[in-house]
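Colleague: As they're listed, the protein sequences go chains A, B and C.
The numbers in the working numbering rise by one with no breaks, and the one at position 91 of the first sequence is 91.
Adding 206 to a residue's 1-based position in the second sequence gives its number in the working numbering.
Adding 325 to a residue's 1-based position in the third sequence gives its number in the working numbering.
Wrong hints could be hidden among the right ones.
Sample of chain B residues at the chain A side, in silico, Cβ under 8 angstroms [to be verified]: (1) A218; (2) P231; (3) H232; (4) K249; (5) K250; (6) T261; (7) V264; (8) M265; (9) A288; (10) D289; (11) P308; (12) K309; (13) S312.
By construction, these hints were calculated from the structure, which means they are not laboratory data.
We treat Cβ as the ideally placed atom computed from N, Cα and C, and that holds for glycine.
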Amino acid sequence: MLKRVEFSGDHLDVLRELMNIAVGNATASIADLLQAFGTMHIPKIAISDIKGLKQYMHETIPSESSHYVTKQLFGGPLGGEFIFVITDEVAINLGNHLYDVEAPNDADIYDAVIELTNILSATMISRLTEELNIKVQFFLPSTQIIAGNDLIYLEETAEYSQIIIISTQMEFQNQNINGHIFILTKDAMIQSLKDLIDQKLEELYA
Amino acid sequence: MKILVADDSKLARLSLIKSIKGLEPHCEIIEAENGLIAVEQFKKNLPSIVFLDLTMPVMDGYEALEKIIEMNSKAQVVVVTADIQSQAQAQVIALGAKMVIPKPISSEKMQAVLEQLVF
Amino acid sequence: MKKPVDYPNILLDALEHGIMIVDEEFNVLYWNQWLEINTGHAYSNMVGKSLLTFYPEIDYRTLQRKIRTTLRLNSPTFYDASLTNRFIPIPRNKISSSLLYHAAASNDFSLYY
Chain A
1 MLKRVEFSGD
11 HLDVLRELMN
21 IAVGNATASI
31 ADLLQAFGTM
41 HIPKIAISDI
51 KGLKQYMHET
61 IPSESSHYVT
71 KQLFGGPLGG
81 EFIFVITDEV
91 AINLGNHLYD
101 VEAPNDADIY
111 DAVIELTNIL
121 SATMISRLTE
131 ELNIKVQFFL
141 PSTQIIAGND
151 LIYLEETAEY
161 SQIIIISTQM
171 EFQNQNINGH
181 IFILTKDAMI
191 QSLKDLIDQK
201 LEELYA
Chain B
207 MKILVADDSK
217 LARLSLIKSI
227 KGLEPHCEII
237 EAENGLIAVE
247 QFKKNLPSIV
257 FLDLTMPVMD
267 GYEALEKIIE
277 MNSKAQVVVV
287 TADIQSQAQA
297 QVIALGAKMV
307 IPKPISSEKM
317 QAVLEQLVF
Chain C
326 MKKPVDYPNI
336 LLDALEHGIM
346 IVDEEFNVLY
356 WNQWLEINTG
366 HAYSNMVGKS
376 LLTFYPEIDY
386 RTLQRKIRTT
396 LRLNSPTFYD
406 ASLTNRFIPI
416 PRNKISSSLL
426 YHAAASNDFS
436 LYY
């Protein structure tokens with residue numbers, strides 16, 4: 001098992017502030033690109049483990065609906081996973097809004113979900129990494145429909161000892177679109193995030 | 207010249223202070239980490255400019271802005287926020303903020319802000 | 326229309342993927358060898374012309390939104406690659422698994438099949 005990376009109050013403060021900026025940007029991008037005007041919640045940041053992550057998701061995501069869960073990996077000096085979760089009902093609303101059809105077909109819905117995920121991940125992660133003076137690469141997103149709120153499979157995550165959970169919620173009331181966003185990063189990447197934050201702090205104290 | 211910088215994030219305060227000091231090295235900076243402290247510091251120090259964040263614990267920026275404007279309707283309050291949507295902007299301008307600028311603020315933008323408010 | 330990319334392009338043609346570069350008005354600026362072989366349309370036939378002429382069935386409203394997103398965010402955007410949602414028909418046995426866009430240079434837009 002890897003050594004735990006300790007985050008100080010200052011590290012968390014920096015991450016929180018950078019994520020606030022990232023979320024503000026994502027809201028503006030969605031308004032601009034998808035003509036949907038809404039709000040996003042102030043991101044919550046927690047350092048946890050797999051058990052904690054599962055529990056957190058159970059507390060955040062309702063168990064009674066089916067969900068479109070879209071995952072997109074990003075890698076480079078900072079790597080992690082961006083997860084966007086919406087209920088199937090909201091996915092249809094999203095398909096309606098983006099494809100402008102009464103009854104969007106499955107392909108339209110998948111495509112709309114991927115498109116929104118993409119805009120969210122690109123704006124949020126890019127803003128964060130820009131502030132940390134690095135560039136990351138985005139990988140192909142994939143969407144699964146999952147019944148209930150067991151969104152993390154044990155086999156996917158068995159090797160992770162420490163996870164940073166960044167979570168927020170978006171709401172676009174006019175379109176009845178709302179969803180949960182999780183950004184997960186783990187183990188060695190937590191150390192690189194800490195180093196990048198240290199550099200950022202050094203720059204400011206210089 | 208006294209400048210009050212109110213933000214719960216230390217990073218945000220440090221960035222603002224660094225950018226202000228780069229342009230106005232001799233000004234005195236007063237820091238506040240929430241809206242309540244900002245209002246108290248405003249009363250005590252009567253700063254020429256207030257940089258105010260919106261989302262802060264104890265008392266948020268909207269309430270702090272109202273209280274500062276109540277004390278001095280001519281107070282020069284610059285709202286610095288990550289919420290760059292026009293709705294939030296219109297709301298704080300209506301409450302009496304002189305301007306709203308998105309985070310993070312570049313030194314060019316800071317220069318423009320200081321020039322407009324100081325001269 | 327923007328200037329087409331010179332043909333042949335050793336890099337784009339060496340890839341085992343279909344790559345086209347289009348501008349924001351869907352004018353084709355490059356059509357690589359993979360696409361030439363798999364669609365039956367030659368570069369010389371496609372370049373400088375609108376994708377609309379050859380593929381009127383594409384949802385151009387969506388495509389335009391995706392192009393805008395990519396150019397604005399300087400980040401790739403993706404299409405869902407399910408069977409019913411193929412971007413352009415490729416007559417072959419194996420169905421390619423993914424489709425993605427990426428902003429190349431500043432204003433061109435490349436499409437990867």
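Colleague: Could you work out which earlier hints the structure fails to respect and list their numbers in ascending sequence?
Modeller: Hint check: 2, 3, 4, 5, 7, 8 and 13 fail, others pass.
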